[in-house]
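The chain contents come next:
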Amino acid sequence: MRARPIKYKVMIIEDVKIVINQGKQFIPDVTKAVVPAPFRGRPEIDPDLTVDVDALVNCCPVDAISANPISIDMGKCAFCGECALAFPDKIKFTNDHKIASNDRSKLIVKESDVHPITMNPDLIREEIRSFYGGSLKLRQISAAGDNSAELELGACGNVNFDMGRYGIEFVASPRHADGIVITGPISENMAEAVQICHEAVPQPRIVVLVGVDAISGGIFSGSKALDRSFIDKSFIDLYVPGNPPHPLTFINGILDLTRRKKNQ
Amino acid sequence: MNKKYNTSGRLTSIKNQQKISLKDIPVLEYEVFYQEVVQILEDVNNHCLSYYAFPFDNKLKFICAISADEEKEILLLSHELEKPDLPLKSIAGQHLAMHIFEREIHENHGVPFEGHPWLKPVRYAFNRKDRKKMINNYPFYKIGGNELHEVGVGPIHAGVIEPGHFRFLCNGETVLHLEIQLGWQHRGVEALFLEKKKLLQRNLLAESIAGDTAIGHNLAFCQLAEALGDITVDKNLEIERVIALELERMAIHTGDLSAFCTDVAYQLGSAVFGALRTPLINFTQAWSGNRFGKGLIRVGGTNYPLTQELQQKLKGILNDFEKKFTEIAERTFNLPSVLKRFESIGAVSTRQVSLLGGVGMVAKMAGLKRDSRYGQPFGAYRDLKHEPVLLGSGDVYARGMVRKLEVEQSLVIIRNLMEKLNARVAPTQPVPAANLKWAGESIAVSVTEGWRGEVCHIAVTDKQGEISHYKVKDPSMHNWKSLELSLRDLEISDFPINNKSYDLSYCGHDL
Chain A
1029 MRARPIKYKV MIIEDVKIVI NQGKQFIPDV TKAVVPAPFR GRPEIDPDLT
1079 VDVDALVNCC PVDAISANPI SIDMGKCAFC GECALAFPDK IKFTNDHKIA
1129 SNDRSKLIVK ESDVHPITMN PDLIREEIRS FYGGSLKLRQ ISAAGDNSAE
1179 LELGACGNVN FDMGRYGIEF VASPRHADGI VITGPISENM AEAVQICHEA
1229 VPQPRIVVLV GVDAISGGIF SGSKALDRSF IDKSFIDLYV PGNPPHPLTF
1279 INGILDLTRR KKNQ
Chain B
53 MNKKYNTSGR LTSIKNQQKI SLKDIPVLEY EVFYQEVVQI LEDVNNHCLS
103 YYAFPFDNKL KFICAISADE EKEILLLSHE LEKPDLPLKS IAGQHLAMHI
153 FEREIHENHG VPFEGHPWLK PVRYAFNRKD RKKMINNYPF YKIGGNELHE
203 VGVGPIHAGV IEPGHFRFLC NGETVLHLEI QLGWQHRGVE ALFLEKKKLL
253 QRNLLAESIA GDTAIGHNLA FCQLAEALGD ITVDKNLEIE RVIALELERM
303 AIHTGDLSAF CTDVAYQLGS AVFGALRTPL INFTQAWSGN RFGKGLIRVG
353 GTNYPLTQEL QQKLKGILND FEKKFTEIAE RTFNLPSVLK RFESIGAVST
403 RQVSLLGGVG MVAKMAGLKR DSRYGQPFGA YRDLKHEPVL LGSGDVYARG
453 MVRKLEVEQS LVIIRNLMEK LNARVAPTQP VPAANLKWAG ESIAVSVTEG
503 WRGEVCHIAV TDKQGEISHY KVKDPSMHNW KSLELSLRDL EISDFPINNK
553 SYDLSYCGHD L
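Protein chains in written order, with this note's numbering: chain A, 1029 to 1292; chain B, 53 to 563.
Bear in mind the hints are in silico, worked out from the structure with no lab data behind them.
Okay, derived cross-link-like pairs now, DMTMM-like style, lysine to aspartate or glutamate, Cα gap no bigger than 20 Å in a straight line:
hint, chain 1, residue 1, chain 2, residue 2
1, B, 250, B, 514
2, B, 375, A, 1042
3, B, 489, B, 247
4, B, 248, A, 1255
5, B, 367, B, 471
6, B, 248, A, 1082
7, A, 1138, A, 1082
8, A, 1045, B, 372
9, B, 456, B, 439
10, B, 392, A, 1043
11, B, 250, A, 1080
12, B, 185, A, 1220
13, B, 249, A, 1110
14, B, 392, B, 543
15, B, 392, B, 541
16, B, 249, B, 514
17, B, 250, A, 1110
18, B, 184, A, 1255
19, B, 113, B, 166
20, B, 250, B, 282
Not close to chain A: a few residues of chain B, all C-beta gaps over 12 Å, as computed:
hint, residue
21, 201
22, 282
23, 285
24, 286
Listing some non-contacts, in silico: residues in chain B with all C-beta distances to chain A over 10 Å:
hint, residue
25, 75
26, 86
27, 184
28, 196
29, 232
30, 281
31, 395
32, 426
33, 514
Computed from a predicted structure; not experimentally measured.
For glycine and all other residues, C-beta sits at the position ideal for the given N, C-alpha and C.
Bound conformation, chain B alone:
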């Protein structure tokens, strides 16, 4: 139990990957709930993992999960509404970071939030409250006058990337304001988690929330299922999962650095970083049969153990990778023509990112210590005492440097963990779906650190132990607003490098 916060009896605190009975979360009056959340979020070490509402016993039940990084605890608070059309005082009015969650609740359930700065639709979900609101009629922010012009880009972009609409308000070449409208990728993921009842279907869904974070999201789902089903996994499996997650991080970061170089016309870096990603994902394929690790993570075990032979292969690949990566990274981050396009471009301050509730890479590049490997350690990270890489300049350079340093950090983590793998332990098979019994009327929270940042899955079960509500949060939910701020006072031609340097997920946001 959390000493600092549980004295009030207004909240329950649990650990990452822990389940509790839904009844154990005190239901507060909204005024009390509001005061409590506002007060907890005053501390910069605390941030909101997820805040959402769902129909429950003819009422609307609100759950707020807050990560207390110092204490390594998850604080759970709740309140209920009988009439969802009565206005509530907006927490975003006090803590802007909550804006996206209140917008989502407003869009899905129609709850009006008084004092919210910007109560706009989030993703035009198919089950939104007001079906009359259409995606091609989004209420963009406008500035009057004859001297300004608007530039609209998307939903389909020039490159091979996901769709989103970007609306620039420009004064000549200078961007005064950028607004990003998402929702094009909405597939109804959360509803499908209830409709698709087979365990394997849910694994596939989790792998497809964001296919570039297949391991991060599927691991979050599996750890959630394990928490609800009281399944403990052995140390070896925990280690293998972390190796898979770190390999995913390394591969995407390396690919991203290639794209950084492409966008500043540094051809050698573009080609070399691009080629360096290949052996990493080819190893993931040699391990699991899929370059993105789809199929690798399963509940309670794995079908693809990291054998001695694979470990030897991985060691060789990492050694070769390290040499080539160091060489090109040193070159890139010391090349004046590259630095000119990286440094002080698209800078956001620590305070801005903190206000917006940035997580993962976006937090770290601005000097904010948010990394669930540190704040909510899970699996093999519990023994690792992970210290996140921190930068402070908040510009394209910092976003590139975070990736370089994290790749180097991942190399160390993977090598350390491979030493700890016990060859004598037989690999565990996944738990057959028929043997999986989930606790009834419970709630469990599972947090993992994907390469973008904090992935959070929350499930609520009914009396029969069947999932009655499923909530997914991709780190991009928190971080899109930061990209908008980065563009202010830049030339519009700086947009591509900024967008790439964030590399946020469209489908993870749109669900």
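Next up, chain A with everything else stripped away, as it sits in the complex:
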């Protein structure tokens, strides 16, 4: 009987050693964290440089670039960065990761747009901030997602990003949730499940689209295996662009949507 408590003590010391060697892993303030280059975040387009517009539009694999004026739609952009490689002086991807918005049109970056992506306060329902400003439980639905956006959403809760500190969490049941977070382009086979899950969430409920596949279909756009009717008929509270979106993009997007800034 004596051996056991001694061994137990040693084990505790081992655990403590591991904890000490780990040091501090959390990001102290996720609203101020910087993702280093060459991370591809918000793009910027130089208005003064003339390029072969057709070639520029055609080089995009997901039809995210439009002409007159030249613009990049981050809701369609797969952030592959190939346009910036082909036209390095015309297009640059900055490391600005705060690219989520509740207004679909704000995701479109035009020539000479160099300002941060913001929320449209007119589109935020009053009850969202009063109900969910301090706590938000979400039900994640992977609807034909490729598991990269899902992994990044999982990472939002890890010790580095620790989204739980803001009272934001993923929960198992839609009945316990305040909204749904959709990843993937929504396959025909998942369409009914998405609908049922959404209806099971009590009102007021929010709908968040995470990743290019969810927002526009991404590279799967035009596939006959998809059924995106849910997106077409639903009010979308937040678009989180990326392929997949960085955890900081998601967390900051949710915070900007649900919390009043001190100066507002």
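Using the hints provided, position chain B relative to the given structure of chain A.
Just chain B now, kept in the frame of chain A:
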């Protein structure tokens, strides 16, 4: 040419990443094809990479690609059908491992297989033969009687994971039988490979087949394109690609070990393994701009060379990682409370895995030597003489231990390869799509070893050198059945740890 098998003239053998003219694969009578495949698969060193059918000259053409690991060859056999509704004798009746391929052919083309044990739909593809079969009406296996009950879970699960439906047949808390129904993730990937004609679109598609294996799948596509386009890549690029693939393996394995700990309520392991994954994927981002390496692998070259500066950074990260990983891994795999939940839980035997045709981690954890870095070496692995990690107990412990040992192995591989990188060689740019000319009427096979196991892409081209058929196989195709068997006679509460310990791909299976 393969000495052991080509005497019959009934098959053609090629190397991984090699193309041949479609005409060079002999078209056999089905009876001969059947005998030949059955005989080749008798040898445990051979397993089926892919077996599929596609419309060709008003007929249905069947291609069977078998990996002969000892000889490092890919054996190709074919047969053709004019009337796809005539029944064929099922190879799965002799070799169960073929069951999933015959099911897929049946679902897509309606070919009936006589003597198949279980001819059920695979994924309810949008272009399936019988559109009347619906995903919400799957024919689950049933047992009658009042004492048993069924538990249905999914398609949406409790966690942040992909959808699939699990149907448990239980006697009290004990699971008698589990059946997994997939298809919810079907996006029509193979059809999109034909519809999206730009090279870059196909790169993006390959990266999205399974986003957690972006490097494994995209590398398979790029090597296939290089084989069809007669493009050779330099040694440095081959090394960089293998480093990227091994980093992907390390990152996912480490993240998985975190999830193992979460599911057995070992909080310290969960937090520490989870935190250890971060510097690895952050390095991949510092290298390629994306935490999953999307954008890194391109045909013929790369836009993101592994510079001296990045190599120095990687060395530092790996040293720090190794120290912390060893510490927590030693602790986890020696902790009685953890071992109690790992050992002998969800065990499958070597024979079971061999029968089901398991590949990759699932094969290795059950003591079956299947690893395409060894069996179909590609790129820089050709010089490495890779020896796979092998365990034998086939339980949760073995599935965890395989990951721990593979992480350690990857560390060695990456460090060795970095020594071999030649700083004087200028990085190669990707081949511009306009310069890429693919051989006409050809077929090429490309195999890579993703972290789950063997990834296989096969393309067939038409007269103009345009892709006329594209076939993708994720290792999960072979391995889902093994998870079903693992659950037998366990308590249903052991499902989460078993599911996590397999960590199979839903989207890779559903395509």
